[in-house]
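Asks: Chains A and B supply the protein sequences, listed in that same order.
For the first sequence, our numbering begins at 1235 and goes up steadily by one.
For the second sequence, our numbering begins at 194 and goes up steadily by one.
Check the hints yourself; a few may be wrong.
Stretch by stretch, here's where chain B covers chain A in the computed footprint (C-beta under 8 Å, at least three residues) [as the list claims (entries may be wrong)]:
| hint | stretch |
| --- | --- |
| 1 | 1297-1305 |
| 2 | 1498-1509 |
| 3 | 1517-1525 |
| 4 | 1583-1594 |
Hint data in this document are derived by calculation from the structure and do not stem from the laboratory.
Model, not experiment: these values are computed from the prediction.
Using N, Cα and C, we set each Cβ at its ideal position, and we do this for glycine too.
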Amino acid sequence: MAETDFRQTLRDFIETECPPELRGYPHRFPAQVSMPWYKALHRRGFIAPGWPVEYGGMGLRPERHLIFIEEMEAAGTPWLHDAGVRNLGPAIIAWGNEAQKALYLPKMHAGEHIWCQGYSEPSAGSDLASLQCDGRFEGENLIINGQKIWTTSAHVATHIFALIRTDRSGKKQEGISFVLIDMSLPGITVRPIENLSGHPDFCEVFFDNVKVGVECILGEPNKGWAVARSLLGFERIWAGSPKRAFKVLLILRQRMEERGLLTSDYWRDRLAQAIFDTQDAQDMYAGFADLVRTDGAVGVEISALKIWSTSTFQRLSELLLEVAGTDATLAGEGAEDLLAPYYESRAPTIFAGTNEVHRNILARSVLGLPKSA
Amino acid sequence: MTSVDADTLVLLRDAVGKHAARTADGRAIRARRNSLPGYTPTELTIMAEQGWLAIGLPEEAGGLGLGVSAAAIVAEGLAGCFTADPFLGLFLAGRILSQAKGDVDLLAAFAAGDILPALAWQEQSQNIRSLLSPATTLSADYTLNGKKTYVAGAAGATHFIVSAASSSGLALVLTKADAAGLSIHHDFRADGTPMGQLHLAAKPGIVLCEGEKAEAALRAALDETSVVIAAELMGHVDQMMALVIEHLKTRHQFGKPIGSFQALQHRAADMFVQQRLARAVLDTNLSRMDGLDDATARGMLAARVRARLNDTAQYIVRESIQLFGAMGITDENDLSLHVKRCLSLIGWLGNSAEQRGYYMDMAAPQGARPNGRV
């Protein structure tokens, strides 16, 4: 399909299926609010643009995938609770047995299962491999006790994929299992955490003698670190996506026009800088996305993309406040809330590996600098 | 210009790389600073023999008919021997001659290195956003009057291509570099290579093209050369990064390699982020440009690529000097050759502020409704 036809198809679809009241909201809606849109994407086969076609994906090439994202963002379609299709789906496709693929992929695709990612713990942030959430084998079951934190969407999720310590005898990276857990099981408690913007987006999750069958382990028991690592490519390409900055760029441009700033050389220059920074991130993203698509592994250089895209998102959100003048001091609502992109842009430099951890990775693994003193 | 297959580009990259490795000589570069023409006859001969001068020329004129990608590979590779001169100025002039559909004999002589044209478009008050309104005039008797500045390759040039206002609008006029009606003053850039000022007084010439055709040819040649300059900057960025990373690994203080300190590791990592970003922007858009005909779209791409490489080069220069410590501010360190070359290139054919303005002229013309491009 020609690019213009592809764009038109998407625009027509959005126009028909995405209700205006869901557009342009700067936070994630509760799942039940955005679910009609999720379902519409599912029905049309648009919910998993990066998955292979045989599993209900679109198998899009990176340039097309970017166009897909551009059109979705330009129309202000809502952000979804989509850690499942985005992150876990590719892992199940790569590591799952046939029973797991059959059980999880269709329901994830249909929005019947909403997934969250249970990695971080109170004492295991940047040093994730030191995680302690305990899993004890009892026959064909695994008994889980412990806590996860900063778990995005846990308050709306039906399932959690979690890294659980199932063996303590070896190195810390060994003895971790990648476990798929139904959150309706007895013993699971979720406590939402209010973030800077006043919205509950992440949570604490407590496990108290939660019993799951060993068939819920993805990949081999005690080899979950390898599964999690194989997802890093997808996680980082997602974390490094320029779509967040692009969304702010659209708002910036609109605000500048409304305020008549584009007759000023100064503001035109600032806008051009924002456009360049974002489009350049898109060029970088497309190259890495191509690598992810090819073999799921992008190598360590992708840390550069994560750092650039997330810092660009922050710079643009701060420029938006400058453009707004004194309006920027007002706490607004909905699309009028100019502080929303500012708040939203704080997390990406921290999640999916802080940008400082990514600098360590670049220094050691790409540039080959000596081990830190 | 047409695109080429990947194998041809690999071979070209290999040939340029070998040439650069063989001829990189910091002492020779320092010795010929502030002298004319700023390069050796041997270098020119090699460029002609290797076919690099013909890269931008159409095949029917004995050229290779290759895309901007190929010229970019040459310029980037030549950063390995500290400078792509006189390649850049000749590429610029060659693209004008090609697009003006100059006569085939002229182009063939150019490809062989037998004539050395230089483009004289810029005047003191002009930049890439205002190239269509020169004060230099072409009279009805086909003589040129005016003053041109920042002419790369003026020293050693056999011909000049001069942009001038004529009764038919903008004209591109070919004139010989002989003394009648022409005097040349040479300024030297930061790296010690010359740029000429031309004083034209009743200087006779022949019109290559005029009106919209001249405007389009000039615009296209400047956009393309700007991206080729960006490619040379990329080469210098890679060279400087290699020098500085090696220094971080080998220089010891407090009993350890300084590259083991996290403060410096993070600075180096941030430099890599910019290097990698610049690489992605350059390579992605070189392939785009090879397959893109729309002049406005090409101009917008060129502006964005060039601004990114200008900014990256300036940043890597600053950080490299800092990380080298006192060694970074010596002329003796070969880093200095890349530093001075970058300073000579960044402001030529559009610094980043000019590139952004140029981009906005196309994306959102003043007074017009923005066309929705962001």
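Asks: Look at each hint and say if it fits the structure.
Replies: Comparing the hints with the structure gives:
1. Restraint check on the stretch 1297-1305 of chain A versus chain B: 0 residues with Cβ-Cβ distances below 8 Å, three needed, restraint violated.
2. A stretch counts as covered by a chain when three or more of its residues have a beta carbon under 8 Å from one of that chain; for the stretch 1498-1509 of chain A and chain B the count is 7, and the coverage holds.
3. Coverage of a stretch by a chain is defined here by at least three residues with a beta carbon nearer than 8 Å to that chain's beta carbons; for the stretch 1517-1525 of chain A and chain B the count is 4, and the condition holds.
4. With 4 residues carrying a beta carbon less than 8 Å from a beta carbon of chain B, the stretch 1583-1594 of chain A meets the three-residue requirement, and the given coverage holds.
Comparing the model with each earlier hint shows a violation of hint 1 alone; every other hint is respected.
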